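Protein chains: 2
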Amino acid sequence: MPLRRSSWRALRRCSPPRPSSSTSEPTASRGACRGRPLLHKPSQRSFLSEDQVMTEQFSPEVATSGATGTGRAAVIGLGSMGYGMAQSLKRAGFDVAGFDVNAAAVERFAAEGGRGASSPAEAARDADVVVSVVVNAAQTETILFGPDGVAQTLADGAVFLSSATMDPDVARALAARLEATGRLYLDAPISGGAQRAAEGALTVLASGSPEAFAKARPALDAMAARLYELGDAPGQGAAFKMINQLLAGVHIAAASEAIAFAARQGLDIAKVYEVITASAGNSWMFENRMPHVVDGDYTPRSAVDIFVKDLGIIQDMARSAKFPVPVSAAALQMFLATSAAGMGRDDDASVARLYARITGTRLPGDPA
Amino acid sequence: MPLRRSSWRALRRCSPPRPSSSTSEPTASRGACRGRPLLHKPSQRSFLSEDQVMTEQFSPEVATSGATGTGRAAVIGLGSMGYGMAQSLKRAGFDVAGFDVNAAAVERFAAEGGRGASSPAEAARDADVVVSVVVNAAQTETILFGPDGVAQTLADGAVFLSSATMDPDVARALAARLEATGRLYLDAPISGGAQRAAEGALTVLASGSPEAFAKARPALDAMAARLYELGDAPGQGAAFKMINQLLAGVHIAAASEAIAFAARQGLDIAKVYEVITASAGNSWMFENRMPHVVDGDYTPRSAVDIFVKDLGIIQDMARSAKFPVPVSAAALQMFLATSAAGMGRDDDASVARLYARITGTRLPGDPA
Numbered sequence: 001m002p003l004r005r006s007s008w009r010a011l012r013r014c015s016p017p018r019p020s021s022s023t024s025e026p027t028a029s030r031g032a033c034r035g036r037p038l039l040h041k042p043s044q045r046s047f048l049s050e051d052q053v054m055t056e057q058f059s060p061e062v063a064t065s066g067a068t069g070t071g072r073a074a075v076i077g078l079g080s081m082g083y084g085m086a087q088s089l090k091r092a093g094f095d096v097a098g099f100d101v102n103a104a105a106v107e108r109f110a111a112e113g114g115r116g117a118s119s120p121a122e123a124a125r126d127a128d129v130v131v132s133v134v135v136n137a138a139q140t141e142t143i144l145f146g147p148d149g150v151a152q153t154l155a156d157g158a159v160f161l162s163s164a165t166m167d168p169d170v171a172r173a174l175a176a177r178l179e180a181t182g183r184l185y186l187d188a189p190i191s192g193g194a195q196r197a198a199e200g201a202l203t204v205l206a207s208g209s210p211e212a213f214a215k216a217r218p219a220l221d222a223m224a225a226r227l228y229e230l231g232d233a234p235g236q237g238a239a240f241k242m243i244n245q246l247l248a249g250v251h252i253a254a255a256s257e258a259i260a261f262a263a264r265q266g267l268d269i270a271k272v273y274e275v276i277t278a279s280a281g282n283s284w285m286f287e288n289r290m291p292h293v294v295d296g297d298y299t300p301r302s303a304v305d306i307f308v309k310d311l312g313i314i315q316d317m318a319r320s321a322k323f324p325v326p327v328s329a330a331a332l333q334m335f336l337a338t339s340a341a342g343m344g345r346d347d348d349a350s351v352a353r354l355y356a357r358i359t360g361t362r363l364p365g366d367p368a
Numbered sequence: 001m002p003l004r005r006s007s008w009r010a011l012r013r014c015s016p017p018r019p020s021s022s023t024s025e026p027t028a029s030r031g032a033c034r035g036r037p038l039l040h041k042p043s044q045r046s047f048l049s050e051d052q053v054m055t056e057q058f059s060p061e062v063a064t065s066g067a068t069g070t071g072r073a074a075v076i077g078l079g080s081m082g083y084g085m086a087q088s089l090k091r092a093g094f095d096v097a098g099f100d101v102n103a104a105a106v107e108r109f110a111a112e113g114g115r116g117a118s119s120p121a122e123a124a125r126d127a128d129v130v131v132s133v134v135v136n137a138a139q140t141e142t143i144l145f146g147p148d149g150v151a152q153t154l155a156d157g158a159v160f161l162s163s164a165t166m167d168p169d170v171a172r173a174l175a176a177r178l179e180a181t182g183r184l185y186l187d188a189p190i191s192g193g194a195q196r197a198a199e200g201a202l203t204v205l206a207s208g209s210p211e212a213f214a215k216a217r218p219a220l221d222a223m224a225a226r227l228y229e230l231g232d233a234p235g236q237g238a239a240f241k242m243i244n245q246l247l248a249g250v251h252i253a254a255a256s257e258a259i260a261f262a263a264r265q266g267l268d269i270a271k272v273y274e275v276i277t278a279s280a281g282n283s284w285m286f287e288n289r290m291p292h293v294v295d296g297d298y299t300p301r302s303a304v305d306i307f308v309k310d311l312g313i314i315q316d317m318a319r320s321a322k323f324p325v326p327v328s329a330a331a332l333q334m335f336l337a338t339s340a341a342g343m344g345r346d347d348d349a350s351v352a353r354l355y356a357r358i359t360g361t362r363l364p365g366d367p368a
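Keeping their order, the protein sequence lines are chains F and U. In this text, residue positions in the first sequence follow my numbering: the first is 1, and each later residue adds one. In this text, residue positions in the second sequence follow my numbering: the first is 1, and each later residue adds one.
What the hints contain is simulated information worked out from the structure, not anything from laboratory work. From a predicted model like this one, the values you see are computed outputs, not experimental measurements. Using N, Cα and C, we set each Cβ at its ideal position, and we do this for glycine too. Check each hint, because a few of them may be wrong.
[Stated by the list, open to error] Listing some non-contacts, in silico: residues in chain F with all C-beta distances to chain U over 12 Å:
1) THR70
2) PRO147
3) ASP156
4) GLY157
5) PRO168
6) ARG177
7) GLN195
8) ASP268
9) ALA278
10) ASP366
[Claimed, not checked] Which residues of chain F face chain U? A partial, calculated answer using Cβ under 10 Å:
11) LEU246
12) GLY249
13) ALA318
Between the sequences and the hints, there should be enough to build the whole structure, so can you do that?
Next up, the structure:
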């Protein structure tokens, strides 16, 4: 996982996005740092995964945005989330330019009526708002300040929306660096999954200056069904997202510990699911993830390595603040062990498989 | 907390219940072992606490039981739960004898139309069903096999319902010991809180022989709105309850870690509550307990020491099964630290206060 300081070194070592012929993987993740597999393995599923961490938590009938925006927008990162957000912006009336390190995604976007761009700088030229939909701080810095970065062309007074989950201090540093150049920065982590992105029904945990909110509002109205305005400075949005990730990660590890221990005792885990989801031991993650264990289906909806990354960020934040977090530290170790056992890219409910394997416990679909 | 083996030694060292003049404390808890404060401190709030762990998790409009039973029942332990259960049995048509170590509770019960008894043995004489509503295995064994215990008088073929949360192996051992004498044993941990107990609307996690279920059913119908039949042998009910307690305890510790860390970062914890309860990081315990932190009100609904006890039982069970449980082990340490800091009898959300105090973080109503 990234250490706070080494992550800064990592940012400086980042290479620009490299073209990829793959369309099966989230694409902007290729704009990654070399030689930091633990840092970047997570990113390779993160458009899907990180957001599906919060998918389905709101009632399905959440109204899609009826906002009609005007002006020019750019979306950097046309993965499962970014592509849908670009569609929502177009539907709301924006003239939208799109860039992705995967040329095929850009071609598809252009074929469907968007403006394809060959670089973040080209996409951002003349844009009122640039929406960055990448996986982490390293990619965000590359898009802002790397070769052909947004900072080279973005108009004065235009706003950069950063949706990646990252350490709040890193978000503050990126924002300060951009705002020193006369542009606005909105710290705006997102959740809701690919379908809500396409519907303009995301949840956004946002913080930034009143000017940044004002400039970004038409785009936020186009993309979000629920906007939390969490403070007047970048970093607050990131901090709320990290608190959610702390809890979500611990709850997956606890659910895995509990259901594997129940199986070890010979309990019917389908019955355990029925009883716990009607009891005080329930959590959103238990209810959402444990069916994967009951069904023995570890097809990744959200990958183990996403929480290796996010609980790692929590540890870095907490150590830097001299704040002990023993419960999330224990949870991180279980995600790390699951990743070390070769399941890093599998569904994060695989933590239950790790408990089962090290104890010789049989779980559905996974002979111990 | 009780170690599996030492808890058995503890059972053998148990003194019979001693009369108490206090009516303000749950009463059967006085049937405790001498010199085991960590084991027994929890019990002193447990009628209130252990059950409120699961209070309010079901919709308020759960119908109260309309069952009408016949025959004779005994309730041992007329605390906040047992008294209500005895009322539900009377309402259903049972002739109910009640015993408690607190003579005042027995007198009140008799004054309200019940039969007061002077010992478990007297209460159980001629009873078809004996409902034990005490806090732990030690008290349960005292009631069964101690001086003036139920086993001295219970009729052949009558059933003993044990509602205390305990190690499933201990439940199996108590059941085997009683069933060897020709009586039936139903392992039947309860949840739902004092109000549901009085309404006959409890949740029961039960396991036992078909004969035990058949004999107990009229009483279960009178006391429970929701009955989970979890197996045909004692121990299964206890095992399901312990899995719930593992999750509930970890979720309280995680919620405390998260909200105190959020406060440490200067986030508005009322806003954190709003965002998290609408997010994937939510848990039943976060939603139920964190308002105590936001309000700075640590009046005990469920005490810290209840989870010192229950997560302790989990550790004993897991170590005995050679099953690592690092996440709940970390959570237990935080409950222990909170108890060691003098908050053992305070509300279990006090774990957040411990995080705040050791980090100099300010929480509402608790100057750090």
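Each hint tested on the structure:
1. THR70: For THR70/F, whose nearest Cβ neighbour in chain U is about 30 Å away, the distance exceeds 12 Å, so it holds.
2. PRO147: Non-interface label on PRO147/F holds, nearest chain U Cβ at 34 Å vs cutoff 12 Å.
3. ASP156: holds, 31 Å
4. GLY157: holds, 29 Å
5. PRO168: violated, 7 Å
6. ARG177: The claim stands: ARG177/F keeps its Cβ more than 12 Å from every Cβ of chain U (closest is about 21 Å).
7. GLN195: Fine: 15 Å to the nearest Cβ keeps GLN195/F off the interface.
8. ASP268: violated, 8 Å
9. ALA278: violated, 7 Å
10. ASP366: Its Cβ never comes within 12 Å of chain U, the nearest being 17 Å, so this holds.
11. LEU246: For LEU246/F, the interface hint holds, since the closest Cβ of chain U sits about 5 Å away, which is under 10 Å.
12. GLY249: holds, 9 Å
13. ALA318: holds, 6 Å
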